[in-house]
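Novice: If you read the protein sequences in the order shown, they are chains A and B. Position 229 of the first sequence, counting from 1, maps to 229 under my numbering, and the rest follow consecutively. Position 253 of the second sequence, counting from 1, maps to 688 under my numbering, and the rest follow consecutively.
The set of hints was computed from the structure by calculation and includes no laboratory data. Source: prediction; values computed, not measured. Incorrect hints may have been included.
Unchecked claim - Calculated pairs, DMTMM-like style, for lysine to aspartate or glutamate (alpha carbon to alpha carbon, straight line, at most 25 Å):
(1) B:K599 / B:E447
(2) B:K702 / A:E269
(3) B:K702 / A:D237
(4) A:K34 / B:E572
(5) B:K702 / A:D17
Take a look at the letters that make up each chain.
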Amino acid sequence: MDLTRKLEILADAAKYDASCASSGAARKDSRDGKGLGSTGGMGICHSYTPDGRCVSLLKVLLTNACLYDCHYCINRRSSNVQRARFTPEEVVQLTLDFYKRNYIEGLFLSSGIVRSADHTMEQVIEVARQLREVHHFRGYIHLKTIPEASQALIDKAGRYADRISINIELPSQQSLDRLAPEKNLTNTKQAMHGIRQRIDESLEAKQAARQIVNRPRAKAPAFATGQSTQMIVGADDSSDALVLHRADELYREVRLRRVYYSGFSPIPEPSVLLPIKPPPLVREHRLYQADWLLRFYGFDVGELLPKEDPNLDLDLDPKLAWALRNRAVFPVDINRASQELLWRIPGLGTVNVARILAARRWSRLTLADLQRMRVNLKKVMPFILAADHRPRLALLESTNLRQHFLPGPRQLELNFNAPPPTTPADAAMALSGQI
Amino acid sequence: MTHTAQIQPTFEVWRSKARELLRQGVTPENVDWVDASQTASLLAEEPANYQTAPNASVKVPADFLRLAQNVCAHTDERRFAILYRLLHRLTLGGEKHLLGMPSDRDMHQCNAWAKAVSRDIHKMHAFVRFRLVGVNEPNGREQFVAWFEPEYRITRLAAPFFEKRFASMDWSILTPDECVSWDGEKLTFMPGMSRHDAPAADAHDDLWRTYYRSIFNPARLKVQAMQSEMPMKYWKNLPEAEIIHDLIASSETRVRTMIATPERPVKPSPDNAYLRKLHAQQHAD
Ligand code: SF4
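With the hints as extra help, turn the sequences into a complete structure.
Specialist: Next up, the structure:
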């Protein structure tokens, strides 16, 4: 099989993994003239595909042959997809060739499970080893690990990679039993704890080293600087509350950098166990927004998803939905309120809140000031007091307030050929999860 | 008295001119800033004096210099004047807190310009595509050339990124305003060139398009999301952009086919030692 065909199969096999981030790596570069590449700072999306996704890494599988039978996955053993396998050298060469042309900023390597977890891990690690040790590659490397692989191998993977990840896939063991019978939640969490420990140790070691030497340059980090995971949404009947509680638990316990939510999408080799219809894309978007609120806005899951309502409102962003349920909190005075309270105003992001806090030290802010900060006035006005503004209380109390914010009539079930019109701001949000 | 400040449109030149005017206490309304590269006359041109030691009496925060660097790279003809007004207010005008006031008109304008410029820099880092043109025989270094059309005059601001990332190759980036090349030792800046001076393609572009085609998921078409991050003005220099239309056009049929495909039955577990162990473990739990 020629290289082009292999690339076709093994990139196609990898595309259902949503994560493609390349940020948060330790700073390294190649100014010593020996190696290739650099990392550090904000990740770069070198391209975008028409599905709106960022292309920053060469994302491929080493092989798409797999012993497991995860029903949402095109590579499961029950699928009749054509199988292919890269040699480690082929992946190494592709990565270097793509990198030098500035198509990508690194490699995201994963693999179907062949023979055993350890055997598979060894193959994946070999690619990273060659890149780092033979070619002195200093670009970004993200390795997907298998929870059942031995700790020694996971340690080794972490020494070469900037990021490692294990997919949790589904939020409960019940769902795993049905759709991914070889996967085990306890094993996965254990492996994540192991990785967290290594990340912490390496962080401490680096801090200690910083006190002695000032700036170690262009040195690969002793261990990956972060781990992330992915959860598939809409393949089982888990509620958003279940999904977000699991994510929240992982953020706290193993300090994940990111949880990716991947709306289940139809695959060319459908399984009998799966719904034919994918969930609306907007559900994934709402989950990202809620996730953002948990991590950066001081919300907790219970506030966003009260017991009686375990799924996010698809029509309204989760902060707005929360505000509508908690109207007694408003109106909030933007010239006096604390940062925490400002964060809770629908339509205000952390960046604008910081601007408000800075600017109000010198003058009392008016609506015109907000407008200059590009705040969406229509959205914030019912909820705030400004120097020249006080909302009509009747509106805040009215049962029509929800109506006021609903998007115009549109089809909610997104269909493939005509996605609903989204504003560019919406689209950007969908990508970054930012509100 | 009105001063005419006719300058080459770079941050360094603006800075030394502004410093001089400030030292003389010239107020913003009395300066006419003229972009020398946009006017036929080269008369008033004075050599840029990059080395002038900063006047100890005029101190500005580092944040201002960072802002000014980006603003100068913008192409709006008002930029030098507004930037000077900001500088004047910040120093002689005594408005020390100006930088912390994003709602101030001048700040707001300068921030908007700086933001547009930094976005352009970011896109340049992302969308430059190098083409292999040969190997430097004596030292074996590969040589690459790229053609790029940034919106603003950002070659100098964008170059250090490429130096760090591609220090071990020889490369040049050609743009209409200014070109830069790296030989392993230093960055060299040259006047702008034309797209015909750069190679049109690279042997790896096909493989890259194969990747781009395969990583795209036709079941999640979001064309607007793509375009807001990768505006069409960049497409003409991206090898993968050629196939975007085909990918969009064929996606509907591809999804229909997926949905119409009969479901695959579940295959029994193969005889594999590792799987047997795994299953035994699961049942024990
Ligand atoms: S382990 Fe499961 S998800 Fe991973 S490749 Fe195999 S079948 Fe797919």
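Novice: Now look at each hint and say whether the structure bears it out.
Specialist: Status of the hints after comparison with the structure:
Only pairs whose Cα atoms come within 25 Å are accepted, and B:K599 paired with B:E447 is accepted, the gap being roughly 22 Å. At most 25 Å may separate the alpha-carbon atoms for a hinted pair to count; B:K702 and A:E269 meet this at roughly 13 Å. Between B:K702 and A:D237 the CA atoms are separated by roughly 24 Å; this keeps the pair inside 25 Å, and the hint holds. Between A:K34 and B:E572 the CA atoms are separated by roughly 17 Å; this keeps the pair inside 25 Å, and the hint holds.
Taking the CA atoms of B:K702 and A:D17, the gap is about 24 Å. The hint holds against a cut of 25 Å.
The structure meets every hint from the earlier list without exception.
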